[in-house]
Amino acid sequence: MTTDDKHLIEVRESSTELLKGHFLHAFRDQVRLPDGSLTVREYVRHPGAVMVIPLLGEGADLRVVIERQYRYPVQQVMIEFPAGKLDPGEDIRACAQRELHEETGYRAAEWARAGVLHPVISYSTEFIEIWFARGLTAGERQLDAGEFLDVATATVPELLQWSREGRLTDAKTLTGLLWLQNVLSGAWSLDWKPAA
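For the sequence shown, my numbering gives the first residue as 893, with consecutive numbering after it.
Simulated from the structure, these hints should not be mistaken for laboratory data.
No more than 16 angstroms apart at the CA atoms, straight line, and that leaves these computed lysine to aspartate or glutamate pairs for EDC-like: (1) LYS977 x GLU1039; (2) LYS977 x GLU1018; (3) LYS977 x GLU1021; (4) LYS977 x GLU994; (5) LYS977 x GLU991; (6) LYS1064 x GLU1021; (7) LYS1064 x GLU1018; (8) LYS1064 x GLU972; (9) LYS1085 x GLU1002; (10) LYS912 x GLU934; (11) LYS898 x ASP927; (12) LYS1064 x GLU959; (13) LYS977 x ASP1036.
Each pair of labels, with its calculated beta carbon distance range: (14) SER1016 x GLU1057: 24 to 30 angstroms; (15) TYR962 x ALA986: 24 to 30 angstroms; (16) GLN1034 x SER906: 39 to 45 angstroms; (17) SER907 x GLY1038: 28 to 34 angstroms; (18) GLU905 x GLN967: 34 to 40 angstroms; (19) ARG999 x ASN1074: 24 to 30 angstroms; (20) ARG999 x GLY1078: 26 to 32 angstroms; (21) GLN1053 x VAL966: 17 to 23 angstroms; (22) ALA986 x ARG937: 17 to 23 angstroms; (23) GLN967 x GLN922: 33 to 39 angstroms.
For every residue, glycine included, the Cβ atom is placed at its ideal position computed from N, Cα and C.
Work out the full structure: start from the sequences and follow the hints.
Spelled out as structure tokens, the structure:
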């Protein structure tokens, strides 16, 4: 694969803010294409987020903590791994630890960063850091105001079945499931570290 991408790069000529809401920050940019012509790109700036794959038990007894949450834009309850948005200046691992505890009540003894995903590259700058957590201890949840979700556990075969049936369609959770399969098979390794 070539490393010279000049023939693919688009260059911003101007930018107009379309919306600055509580959560969304949208822009319309005029960009020059590689062939010299001009076009428009609309996109949302996003501060980034984390997703946690919390492991309960091991081996044949392994279960994964999941959430069920109503997502207004798609008008349905979704099955997801715990996740949340980064606060300004927040350390990414600290965000993962905070989100796991706030949403599920669990704290983890060990953490491993798996990677990053870009869920909607055609219209958002959003990135989601993927973290694994194990050595879980249950506690009290601390949900944000206006946040309603159920916490449950599932086996990996259940998650795969729900994916195949179209019950689990959340992109970040499907990507997390890919990571989980590869970690469990030994194809991909993780560098586990104690909780700070």
